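Enquirer: Listed here are the chains, written in short residue letters.
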Amino acid sequence: MKKVYVNDKVVSVPDTATVMQACELAGEEIPRVCYHESLSIAGNCRMCLVEVENAAKPVASCAFPVAEGMKINTKSDKVKKARKGVMEFLLINHPLDCPICDQGGECDLQDQSLYYGKSYSRFEENKRAVEDKDFGPLVKTVMTRCIHCTRCVRFLDEVAGTHELGAINRGEQMEIASVVEEGITSELSGNIIDLCPVGALTSKPYAFKARSWELIHHDTIDITDGLGSNLILDEFQGEIKRVLPRFNEDINQEWISDKSRFSYDGLDVQRLDKPFIRDDKNKLIPSDWKTSLNNVTGLLKKYKSDEIAAISGSLTDVETMFVAKELFNSLGIYNLDCRFNGSNFKINNRTDWLFNSKIIGTDKIDKLFIIGCDPKREATVLNARIRKRWLSGDLEIITLCTPNDLTYETTSLGDDVSLLSDPSFLTDIKSFFNGAKYPMIILGDSILSTVEGEKIHSIVKSLSDNCEIIRDGWNGFCVLSAYASRSGGLEIGFLPSKGGLNVKQIKKKISEKKIKLLFLIEADDFDLSDLDIKSTKIIYLGHHGDKHATKAEIILPITAFTEKKALYVNIEGRPQFTKKIIQNKGIAVDSWKIFRALADNFNLKFSYNNHEQLLNKIYKLHPEISFINQIISSEWKSFKSSSIKLKTLKSNFAVVNYYQTCPVTRASNNMANCRKRFLKKDESKFNG
Amino acid sequence: MIENKNTKDFEFTKKNLEQVKKIFSKYPDDQKVSAVMPLLDLAMRQIGGWVTESAIKHISSMLNIPFIRAYEVASFYSMFNLEPIGKNFIQICTTTSCWLRGSDNILEVCKKHLNVKNNQTTKDGLFTLKEVECLGACVNAPMVQINDNYYEDLDTESFLNILDSLKEGKKIDIGPQNKKRKGAEPLGSA
Ligand code: SF4
Ligand code: FES
Ligand code: FES
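In the order they appear, the protein sequences are chains A and B.
With the first letter of the first sequence counted as 1, position 39 gets the number 40 in my numbering; the numbers rise by one all the way through.
With the first letter of the second sequence counted as 1, position 190 gets the number 363 in my numbering; the numbers rise by one all the way through.
FYI, nobody ran anything at the bench for these hints, they're computed from the structure.
Some hints could be false.
[Claimed, not checked] SDA-like cross-link-like pairs, simulated, lysine to any residue; straight-line CA separation at most 25 Å:
#, chain 1, residue 1, chain 2, residue 2
1, A, Lys510, A, Lys548
2, B, Lys205, A, Gly394
3, B, Lys205, A, Glu397
4, B, Lys230, A, Glu176
[Said to hold, decoys possible] Distance ranges between label pairs, derived from CB positions:
#, chain 1, residue 1, chain 2, residue 2, range
5, B, Pro257, A, Asn55, 52 to 62 Å
6, B, Ser338, A, Asp98, 48 to 58 Å
7, B, Lys290, A, Ile93, 26 to 36 Å
Computed from a prediction, not measured in an experiment: that's the story for all the values here.
The beta carbon of each residue, even a glycine, is placed where N, CA and C say it ideally should be.
Based on the sequences and whatever the hints tell you, model everything.
Expert: Structure representation (structure tokens):
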């Protein structure tokens, strides 16, 4: 620790602190434009000048290290004058078009020129103009406003790792530009909008939609992947206008992925606002709740319990799966599964499918083995965190069956799954993990959905035991699923029981025409493409008329995540709530209520009648998820598998279409534009 | 975006690859990226006075850095040309010392004589004209740089003489053109 004086006040600061940090510790606010806590120090805007005793000139506090006994002055006339001068320079080429700028009202430059600048300019020459750039469908540019802080460049270099922007030319000709035609392809590109201290980079979809002071902010969470990133949803006149990250050190820090940020426009289109029933002419006609629920009840009574199955999708909340399970089990129906993608594994306890080290645990790992997933596209923000850890050095990463563009260096062991059952493999992995303090294995849910999924899960579990991935105070066995609903479903056990069928078996039975009634709860990503479903009646619960809606016998409209308070559990086992922000569309209802109402039709006595009572019941039966935003760890049960042989199976589990992965993102225009622009090379791969 | 559309893949010639090796040997292992400038220069000489997009790409992959990082360097320094230039690249200094000693006249006659504007190349591809800032030979002002050579202590006559000689492929002396001094020695002391 060092002692320094800030405006004559003594503060002790860490040895490596900068003058700016010392000032902040002393409670002084230092204006800044280029400095950002999460990026490297550039020291190029000079807005942070302060006076240091015995220094000839004011120093840039963000880049200047403290020294013992240093006397810093942040309030002297010299400092004030310096700030005024810097601000005058910054504004020389700035267009001052705040009235038509989307950044207006939340602009660092605007605020700082008000507090630290002059009220007039002496610049009479021509201002320069810079051509706008085409960075793609998400980031709008007005490059004349750019003040060359290089935050955007540094972000793409350091956090996103895609190196797509640079400062080209110099002096008056200097410009921020991209040299690749596609624009900014990073799945984290939206964050440069937040980082840009001026209005040079703004959100294209949000352009001219509202002014920042008119927006009402709502705290909620993201459900486009399994991380449960924290969000702020900005609402204006009953509509979501934009989405911003909400800081949470344990999950997303201050970043969110483009899918979380820009897919909100999908919430307004293709919505289901009333029930539909298929009539005798094979047409779906609008209906009401009473009729449609009576029809569902009729169908449930008509078929035998083993002819009925239910599958939940990637957006389904805990409440719905809980009530649905209670209803179906009470009716003797056990063909339930929340793993719509067919992932399959034996469950001892929660540690078998949790991201056990927690997301924050990735900050200290020193050896990492990634198996069968695409973290860049399945858990974008987590991937950036791994990259950050890798950049700081001493992290070795090996991969098996993963894509090779993860933005950090990896040693690939190839893409043949069967390597896992190779006898010499265990020795190799053991020696890889030798000496590691915080070893981690990330096992993709994707690879668990292959035919060999169950065996792979066993092998990797026993591998983890063998390599001491789990030790005192550390569990590095981490399963990565890309779905917001998955952990919740596994927590409350929306799974086959008492000899019921799992997703793969349900599929098989459908093709054998032995499943007569199938409930698809937001399960549009359950793959029906190669199945003959003529003898299966589908009850479709969804908020969007997505993939399977047209195949339905009865469509039941439900609310989307912005229209309900609902519980989701992230990959770490952390329960969090979404917030009700928007009115329900038409007569759509929260999906759990549908199963609660059906229970009444069967005269089942369920002990809860409202959301609160339901939650209390869930908490009582599943105490692990009863503490909101907290993670309750569970004990690892060690596991030794005897030698298992795996069939050869080659894949790298790369996600081809990052942008459209759920009903909301598929309805989103923004996401469709991104797919067109950024994925055009792969277009042939996903026709249909 | 880079304008030039030279799509031919760039490779260093065998001879230049020897040179590349030498250049790399000058830098410590963890600082090889510093070789970006000499490599760009070498590529520029091989191509004929300018660097193509594919040359920058090639160099960035040799150095294992993103393309944009090498492009930033190439675009930052005015010594790297990103567009084709003529056989003789004339850079006329018009900064203070040269300006006081009549660089404006030199610029004017040059434009007239070659019938080009600033940053243009003559139709026959022999000359490209560029106005530049101080080249560090102020003692011998006014001066111009043509390709790698400095021509100093100029007046319009001696300058035109240089142009004509270059056109005809005649040999010319480099350095001061007024025959009064050698290098930068004081005027009149010799
Ligand atoms: S575009 Fe914005 S973030 Fe990027 S350098 Fe310019 S002002 Fe900074
Ligand atoms: S914040 Fe210190 S120079 Fe920009
Ligand atoms: S001013 Fe012309 S060389 Fe310096």
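Enquirer: Are the hints correct? Go through all of them and say.
Expert: Outcome of the hint check:
1. For the hint pairing A/Lys510 with A/Lys548, the CA-to-CA distance comes to about 21 Å; that is within 25 Å, so the pair holds.
2. Taking the CA atoms of B/Lys205 and A/Gly394, the gap is about 19 Å. The hint holds against a cut of 25 Å.
3. Restraint check for B/Lys205 and A/Glu397: the C-alpha separation of about 23 Å stays at or below 25 Å, so the hint holds.
4. For the given pair, B/Lys230 sits about 20 Å from A/Glu176 by alpha-carbon distance, which is consistent with the 25 Å threshold.
5. At about 54 Å, the CB distance of B/Pro257 to A/Asn55 agrees with the hint of 52 to 62 Å.
6. Between B/Ser338 and A/Asp98 the CB atoms are about 54 Å apart, so this pair conforms to the stated range of 48 to 58 Å.
7. A C-beta distance of roughly 28 Å is found between B/Lys290 and A/Ile93, which places it inside the suggested range of 26 to 36 Å.
The structure meets every hint from the earlier list without exception.
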